[in-house]
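Protein chains in written order, with my numbering: chain L, 14 to 495; chain F, 1282 to 1773.
Do not rely on the hints blindly, as some may be mistaken.
[Claimed, not checked] Pair by pair, the computed Cβ-Cβ distance ranges are:
no. : chain 1 : residue 1 : chain 2 : residue 2 : range
1   : F       : Ile-1383  : L       : Ala-315   : 53 to 61 Å
2   : F       : Gln-1658  : L       : Asp-283   : 17 to 25 Å
3   : F       : Ala-1582  : L       : Arg-134   : 43 to 51 Å
4   : F       : Glu-1630  : L       : Asp-266   : 32 to 40 Å
5   : L       : Ile-126   : F       : Leu-1665  : 27 to 35 Å
6   : F       : Pro-1699  : L       : Tyr-273   : 21 to 29 Å
7   : F       : Val-1615  : L       : Asp-259   : 34 to 42 Å
By construction, these hints were calculated from the structure, which means they are not laboratory data.
No residue lacks a Cβ here, since even glycine has one placed at the ideal position from N, Cα and C.
One letter stands for each residue in the lines below.
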Amino acid sequence: MAIKYEPVIGLEVHAQLQTKSKMFCSCAVVDSVSETPNNAVCPVCSGMPGTLPVVNQLAVEYGIRVALALECQVNPVSIFARKNYFYPDIPKGYQISQYEQPLAENGKLNIKIAEGQKTIRVRRVHLEEDTGKLTHLNGSSLIDLNRAGVPLLEIVSEPDMSSVEEARAYAEALRDILRYLEVNSGDMEKGVIRFEANISVRPEGTDVLNTRVEIKNLNSFRALERATAFEIQRQEKVLEAGGQVDQETLGWDEDNEKTYSQRSKEDAHDYRYFPDPDLPPLVVDKAWLERVTATLPELPRAKNQRFMEEYELTAYDAGVLTAEKAVAEYFEAALKKLPENISPKSLANWMTGDLFSLMNQADTTVADLKLSPEALAKLIGLVAKGEINQSTGKTVLVEMFSSGKSAAEIVEEGGLKQVSDEGFIADLVKQILGENPDAVESFKAGKETIINWLFGQVMKKAAGKANPNVVRAELDRQLKEA
Amino acid sequence: MSSFFELSLKGLQTGLRDSSFTSRELVTDALERIAKFEPHLHAFLYIESEPALRQADEADKRLASGDKQEFPLLGIPIAIKDVLTVEHMPATAGSKILEGFIPPYTATAVKRLQTAGAIVIGKTNTDEFAMGSSTENSAYGLTHNPWDKSRVPGGSSGGSAAAVAARLVPAALGTDTGGSVRQPASYCGVTGLKPTYGRVSRYGLIAFGSSLDCVGVFGRSAEDVAIIFEIMAGPDPSDATSSDTAVRTTKFEKQDLNGIRIGVPKEYFIEGMQAEVQEKIRAAISQLESLGAKIQDVSLAHTEYALPVYYILAPAEASANLARFDGMRYGPRVNANSLFEVFSKTRGEKFGSEVKRRIMLGTYALSAGYYDAYYGQAQKVRTLIKQDFETAFKEVDLIACPSTPRTAFEIGAHAGDPISMYLEDVFTLPASLAGVPGISFPAGFDELGLPIGMQLLAPEFREDLLLQTTHIYQQATEWHKQTPPTFDAEKI
Ligand SMILES: [Zn+2]
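Input sequences plus hints: build the corresponding full structure.
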């Protein structure tokens, strides 16, 4: 019988911290895609002789936020170290990172898996600076140092993930936290989050530690997923064939969907880490920790839980509404303005249904909405009060979404106010029944579903403005009397 | 009136303010003296004439308008060791790898002097990347000792020491990593201060050993040195290792050393040192005693380890500090077929042998498997050396000892024997490792007429005590007033 294997996966996540200035100089952090190369560069981040690094306190604070959200112990003293290697994209010939005493250690992150939830341990969180960017062109190489010195947070997990799905769930949960904490844009296309996966496989149920490989520079969830899956399969095949997995560093070939060897164990760099004498030990005292703790927002999982309990939302609605902090905030802002007799569930329906589909079509985010939470609440209020009916409400929402006008304005201008006047509706019903004697006959013959068709005719005649409840009641009454 | 070069910095300040002479006259005279003596000394790597004269005219205008209170150095020419950057002036660090490099920024220490009105007249010679004790390691030719052309001025700040000794400038900046201000001050018979680590910003100092590098000053007297030092000292937001401790202003009113306890460490009087050095330093210590100081023995037990510790830590830091010189962004590049060949050829051809030796030493000391035994161990011993000083300074206010075991050696004397060269710094290394301030000043001459330097060391941030004590000694002695014979052109 063939042995079943299970993967052992650990992730290193490099997240750019969205500070205004770089980690060790006052250069602006600019868009790495659109900015002119080498436009945000100074003597410090271009490694000119005699220049010195000075720590960006906000980057440290962002690092502490993440560390606390991941329930890490923040070290009272951490040390910046030099990681030495030669490459044209590191101007100083070393990268300033943290090695022996990182910013924080021993945290954890709970992820959702099919069986419920799983805790992934976080080994360390440390600060470092990004490298520059090399572009190879017609046999020469161009260096852009705009990104050199941009603050990065490296978050290293323990090898606690045992499937591709878990790796993805962890990566996504981390991305959500980074966005919630407003320390990272989560804009994957711009490379603001990058992954490195450590992978080994072992016979299922054992605790053997097999040789692991490292896949570098995975820049999307998809790449992480594909590369991890590919590598697990590759290693299983090697082991099944009685072979040995080599310890090496791999790259991911996006186009051909394969990993490839970048460096073998023998060629492994000796980075000669040592404490950077230009930077005194980084001290994070209790007062600082307390200050950051006090400003920590509610995190995605806690918010999700609270939405389900406090607002009696389904797991699905709570999940969708809390996936992004801005959406959750929009929801709660609208909720505050909602008349008391309307349930949060109804607001959730409006948002996850009509509003989200409008946003999807227009490819916009909550931040760009012309429609304020108050305006949405008012619209829902109008529908609840019966001033307009549900279907008119949806039409009004479309108009509000595109023009930013208030619901009342649109209703007024379009004369969309719902008609509940029983006399008027009774006349309409009478008219429709008179025009359709066949339908009335088949109703009498027992084909009761015809009432829906008649209802549609009445509403059409009323240009959608008639109160549907009154229409139904009137239809029922007149048909029974007919 | 007497020539400008006979005046102290303080004398020049007074003369300019009194309108006894102008800055243009002063700068012109300095440039003329440089033109005359430079061929025999080679103290400078770069001389700035026209811009310096323009600045002199500006200074004269200000002086005439009475706008001078905030500019204590207004119109005074100074020289800067070429490991400190000055915007728009070449910065070579004595190395071919920085040939043609013109930095777009000025070192904080220099900037503060310029803001005070000083005119930078040129950049002085240095051992390549400040690695050396003779200035022979400069890629641009060695500097001669003004007292004896066949001898070295010391190093690595040999150019600045020689320029001040030869009276080409009233004061000059140097840097001291393991003795590079104090040792050349001693060899050239001038007063040289190495401040406490972190007292003067390192921003713009082309790094050698970042945890040791200090910007120091050469002058003809403690009084002159104090003027420069106090202007450039103090915290700098661009240097995270600069200290916030308040700068103490030196008080020069005191005439005696009553109440000052001076310790004499037995570890600084060793076998093999020049007898006359020992003799003159003992005599100078007696003089301090006669001025009122209480002299007592102290021990700095780990002194003998300073040299091996230094030659692990400084090269380790240097190996990383010098990694940026890869031919990619500035300086010359040697082209080759592959990236790594470009790196190795550029560095192989443009670094000198001493620099390469130290990069190799440092790389080794940081390598996997050796780190703990070398770098880690050296750090521990450094702590012990620091503790030696802390303990000693519980008993005494200052420590007095020779600056160097011998007077200036002949050019080429240590060629091919780096270790014997390293030994020239045994008395200056411990204070560098401890981070405490030290001063060297002339305390006599040997039978060849070469200056002998006395070193005083103080607790952290007590430069004021060093300067004050040196001043009191200099009030009572004439050694610092001696001018090298080369100062007279006829004798060269
Ligand atoms: Zn910068």
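Given the range 53 to 61 Å, decide if the beta-carbon distance of Ile-1383 (chain F) to Ala-315 (chain L) lies inside it. Between Ile-1383 (chain F) and Ala-315 (chain L), where Cβ atoms are some 57 Å apart, the hint holds.
Quick check: does the Cβ-Cβ distance between Pro-1699 (chain F) and Tyr-273 (chain L) fall within 21 to 29 Å? With a Cβ separation near 46 Å, Pro-1699 (chain F) and Tyr-273 (chain L) fall outside 21 to 29 Å, so the hint is violated.
Ile-126 (chain L) paired with Leu-1665 (chain F), Cβ distance criterion 27 to 35 Å: This hint is violated: roughly 54 Å between Cβ atoms.
Tell me if the beta carbons of Ala-1582 (chain F) and Arg-134 (chain L) are separated by a distance inside 43 to 51 Å. At 47 Å between Cβs, range holds.
Do the beta carbons of Gln-1658 (chain F) and Asp-283 (chain L) sit within 17 to 25 Å of each other? holds, 19 Å
Beta-carbon spacing of Glu-1630 (chain F) to Asp-266 (chain L) - inside the hinted bounds 32 to 40 Å or not: holds, 38 Å
How does the Cβ-Cβ distance of Val-1615 (chain F) and Asp-259 (chain L) compare with 34 to 42 Å: does it lie in that range? Holds, at about 36 Å.
When the structure is compared with the earlier hints, violations turn up for hints 5 and 6 and for no others.
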